[in-house]
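S.K.: Spelled out, the chains give:
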Amino acid sequence: MTSSNRMQWPENADHTAVPYYLFNDQDIYDREQRKIYNGPAWHFVALEAELLQIGSFKSTYIGDTPVVVTRGQDNEIYAWVNRCAHRGAEVCRHRHGVSEDGTFTCVYHQWAYDAKGDLRGVPFQRGLAGKGGYPKDFDKTKHGLRKVRVINYRGVIFGTLSDETPEIETYMGEDVRFFFKRIMNRPVEVLGTTRQYIKGNWKFYAENAKDPYHASLLHLFHATFGLYRSSQEGATLINNDFHTVLWAKGGKEDEAALEDVKKDKLRTYQEGTYTLNDPSLLAGKQEFDDGISLVILTLFPSLVLQQIQNTLAVRQVLPKGKDEFELVWTYFGYTDDCEEMRNIRLKQFNLIGPAGLISMEDGESTELCQKAIVSDGDRTNVILMSGSDTQSEGHLVTESAIRGLWKGYRRMMEL
Amino acid sequence: MSGEIITQELKNEVDDLHNRYVQCIDDDDLESWPEFFTEKCLYRVIPRENEEVGLPTAVMWGDSRGMLQDRVVALRNANIYQVQWYRHIISNPCIHSVTDGVIKAQSNYAVFKTCNDGESTVYNVGKYVDLIVRDNGVLKFKERSVIFDTHKIVTLMVIPI
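So the sequences go chain by chain: A and B. Here the first sequence is numbered in this note's numbering, starting from 6 and rising by one per residue. Here the second sequence is numbered in this note's numbering, starting from 72 and rising by one per residue.
Warning: the hint list may mix true and false statements.
[Stated by the list, open to error] Which chain B residues stay away from chain A? Per the calculated CB distances, all over 10 Å, these:
1. N83
2. L88
3. N90
4. D98
5. E120
6. V130
7. K175
8. Q177
9. V193
10. V209
11. S216
12. K223
13. V225
14. T226
[To be verified] Heads up, simulated DSS-like pairs for lysine-lysine below, C-alpha to C-alpha not over 27 Å straight-line:
15. A:K204 to B:K184
16. A:K327 to B:K223
17. A:K376 to B:K184
18. B:K184 to A:K325
19. A:K376 to A:K325
20. B:K211 to B:K198
Think of the hints as simulated: they come from the structure by calculation, not from any bench. Each residue gets a CB set at the ideal place from its N, CA and C atoms; glycine is no exception.
Turn these sequences into a full structure, and let the hints guide you.
M.R.: Here you go:
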């Protein structure tokens, strides 16, 4: 099949079987940039806690589009495309920081903008010694930076490049909203960032984060150390097809359970497995009354909000071409964490992130897929665990959320 | 300054510690790696971008030899990753001070990584900031902070640096 007819969904495919070319086709990638990243979707751009001071800013991306999120002199959050209105140069060249005077000046010809992205000053506007200069009708208000619509929802800043994106609560749906508020229930404190660069298409990761089936099979840390996980009570909740909450109750990871584990010299999973030399790694606290120890919330296409035991983090998925993406992890706690709680989080961060004992394999699995699909674009995968529908389910042995992903993806891609 | 004199002999001993440490990792003798640390210790692998603004999050963080042993058991038995080898190059080792038997040292490192495809890449560069003590006559790391510049971690990080 040539690229041109890849703009139609093939007849042998539906949301239980998607063709591999979707992960490896430049035209599909370009269409994603138009339909999804410039389309009616909300994209994670920052935590409000990353922008506490007036004048603070953070550079990031919405798809391929570089954007800067700022806190203006009026204490409001703004965002704009990081491209000078004059000749296209990158205006802000730092990942984050504080602009003391609240201005952002392009180094090329020193066009200066404020935190809202409005053009404030242009060198030699009236020329030099009567020579040159801009025409008399040059209107600075018409040459600001391209503004990005932003919303601060519960301390998380989302941006969109489309005027058609619905209100954030509508976009999320009910279950996602509920679990979003559960984690973002009070002010948070940023504890750090790590960046993982994965040589796979971003949608392999989108599938992975909606896939409870793989958790106990690929991530063997808990099983290896005899810490039961797979009997967990949990559910797969799907909103607007492509947003998902996977939640599970651990039951073995709170303080009482740790005492149990210590008494038993760690429960053995099977004969000949290992025990932790230092079980303090898993010595957490139950901080939510509902007993849920795992929440993987995905808001299509760019956000994963997670609680794994006492680790809290957002993962931002940034496509970097058709076969690579960056995963930016921002770790946080609550501003009212006591020192003990903060230390528990810092220690448990060993579990997640690019070197995470229970998460590092996600990068690996994505690359395994990307390597293998290159040659047979028209063949399809198989997404049939627990049937073929895309409904929420009261368990975790399902691929319904992945089917939902593809259903929503097709809708937004108009394929 | 209340510090003790930094002798050439001590410099040689610290150099030897650095060299044995990286050879242990590069030769895949990871089971011996925790022995380079004191029983209570701090080993952290942290991006420079966090360290410089005082954010504490590290990608690897262990405060006991036991935790470091658990990492090794995990990478041998639990974690899934493709075959890979490290080659560390250490440079500019420096002892900043010796106070009450605690040696404060710093060095630069570069780690080249080679996977099954045979290509060697610069995987991670940064610096070691160490507190070294004598434990039963042998120099060991009481603290080893691996502060890395290469904040773009390709695929994953499984082997310690």
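S.K.: Indicate, hint by hint, whether the structure satisfies it.
M.R.: Here is how each hint holds up against the structure:
{"no.": "1", "hint": "N83", "in the structure": "holds, 33 Å"}
{"no.": "2", "hint": "L88", "in the structure": "holds, 23 Å"}
{"no.": "3", "hint": "N90", "in the structure": "holds, 24 Å"}
{"no.": "4", "hint": "D98", "in the structure": "holds, 21 Å"}
{"no.": "5", "hint": "E120", "in the structure": "violated, 6 Å"}
{"no.": "6", "hint": "V130", "in the structure": "violated, 4 Å"}
{"no.": "7", "hint": "K175", "in the structure": "holds, 23 Å"}
{"no.": "8", "hint": "Q177", "in the structure": "holds, 22 Å"}
{"no.": "9", "hint": "V193", "in the structure": "holds, 13 Å"}
{"no.": "10", "hint": "V209", "in the structure": "holds, 21 Å"}
{"no.": "11", "hint": "S216", "in the structure": "holds, 14 Å"}
{"no.": "12", "hint": "K223", "in the structure": "violated, 5 Å"}
{"no.": "13", "hint": "V225", "in the structure": "violated, 5 Å"}
{"no.": "14", "hint": "T226", "in the structure": "violated, 5 Å"}
{"no.": "15", "hint": "A:K204 to B:K184", "in the structure": "holds, 16 Å"}
{"no.": "16", "hint": "A:K327 to B:K223", "in the structure": "holds, 18 Å"}
{"no.": "17", "hint": "A:K376 to B:K184", "in the structure": "holds, 19 Å"}
{"no.": "18", "hint": "B:K184 to A:K325", "in the structure": "holds, 22 Å"}
{"no.": "19", "hint": "A:K376 to A:K325", "in the structure": "holds, 16 Å"}
{"no.": "20", "hint": "B:K211 to B:K198", "in the structure": "holds, 18 Å"}
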